[in-house]
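J.: Using the sequences and the accompanying hints, generate a full structural model.
First to last, the sequence lines map onto chains A and B.
Under my numbering, the first residue of the first sequence carries the number 1, and numbering increases by one thereafter.
Under my numbering, the first residue of the second sequence carries the number 1, and numbering increases by one thereafter.
Everything labelled a hint here was simulated from the structure, so no lab data went into it.
Mimicking SDA-like on lysine to any residue, the simulated pairs with C-alpha atoms at most 20 Å apart in a straight line are: (1) 42/A to 11/B; (2) 42/A to 7/B; (3) 1/A to 68/A; (4) 68/A to 56/A; (5) 42/A to 114/B; (6) 1/A to 56/B; (7) 9/B to 40/A; (8) 14/B to 115/B; (9) 71/B to 29/B; (10) 57/B to 96/A; (11) 9/B to 77/B; (12) 42/A to 6/B; (13) 9/B to 39/A; (14) 1/A to 62/B; (15) 42/A to 24/B; (16) 42/A to 44/B; (17) 1/A to 60/B; (18) 57/B to 2/A; (19) 57/B to 68/B; (20) 70/B to 95/B; (21) 42/A to 3/B; (22) 42/A to 112/B; (23) 68/A to 7/A; (24) 42/A to 86/B; (25) 42/A to 9/B; (26) 1/A to 44/B; (27) 42/A to 12/B; (28) 83/B to 115/B; (29) 57/B to 3/A; (30) 42/A to 106/B; (31) 42/A to 22/B; (32) 42/A to 85/B; (33) 71/B to 2/B; (34) 1/A to 41/B; (35) 71/B to 96/A; (36) 83/B to 65/B.
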Amino acid sequence: KQEVTQIPAALSVPEGENLVLNCSFTDSAIYNLQWFRQDPGKGLTSLLLIQSSQREQTSGRLNASLDKSSGRSTLYIAASQPGDSATYLCAVGTGNQFYFGTGTSLTVIP
Amino acid sequence: DGGITQSPKYLFRKEGQNVTLSCEQNLNHDAMYWYRQDPGQGLRLIYYSQIVNDFQKGDIAEGYSVSREKKESFPLTVTSAQKNPTAFYLCASSIDRTRATNQPQHFGDGTRLSIL
Numbered sequence: 001k002q003e004v005t006q007i008p009a010a011l012s013v014p015e016g017e018n019l020v021l022n023c024s025f026t027d028s029a030i031y032n033l034q035w036f037r038q039d040p041g042k043g044l045t046s047l048l049l050i051q052s053s054q055r056e057q058t059s060g061r062l063n064a065s066l067d068k069s070s071g072r073s074t075l076y077i078a079a080s081q082p083g084d085s086a087t088y089l090c091a092v093g094t095g096n097q098f099y100f101g102t103g104t105s106l107t108v109i110p
Numbered sequence: 001d002g003g004i005t006q007s008p009k010y011l012f013r014k015e016g017q018n019v020t021l022s023c024e025q026n027l028n029h030d031a032m033y034w035y036r037q038d039p040g041q042g043l044r045l046i047y048y049s050q051i052v053n054d055f056q057k058g059d060i061a062e063g064y065s066v067s068r069e070k071k072e073s074f075p076l077t078v079t080s081a082q083k084n085p086t087a088f089y090l091c092a093s094s095i096d097r098t099r100a101t102n103q104p105q106h107f108g109d110g111t112r113l114s115i116l
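T.: Below is the structure:
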């Protein structure tokens, strides 16, 4: 069974700092990896999706990379802002379903 | 705007009662999913459906039931057999698994279920 781990569980940074969130998975037979943002009491908002054949995707200040062979993905957030404060989750698509990590809770301090 | 609508936002269940959570999508997606989210845990899959009138159990299906009579709708019933139902329930959809390599999963805003 696919296991997805996110480190760190929580992160607090001053505004303007660049930061990296990590996601690792145990089975490299995935067809995509997706990064989501979740605000308190809300559903998940898709940020970036990387297909298994791709190495990275970029959207604005966000850049996600994928290394299937090592079972790792990173989400890079440039010039963090207080509005980036949320929980970030990664999910891998494998078999007939998606497997989720437990998330990283990010706080950006003004 | 296309999206997924979950209702109600908050739901309370009495002992021995079955309750049904609604999930409707207008994205024309074939695949739909129900997840449960507990504090400190990742999303766990309850049921999924890849086509009308067909659905499969996920990792934690015990105490839950679903139906998929229409493409747009995938209601979840939390039965009295589910002894610990208090959680945040999320519904999602995607085009379908076989063509989903470049298509994201879309989520509703969730239903929070509590025990009275």
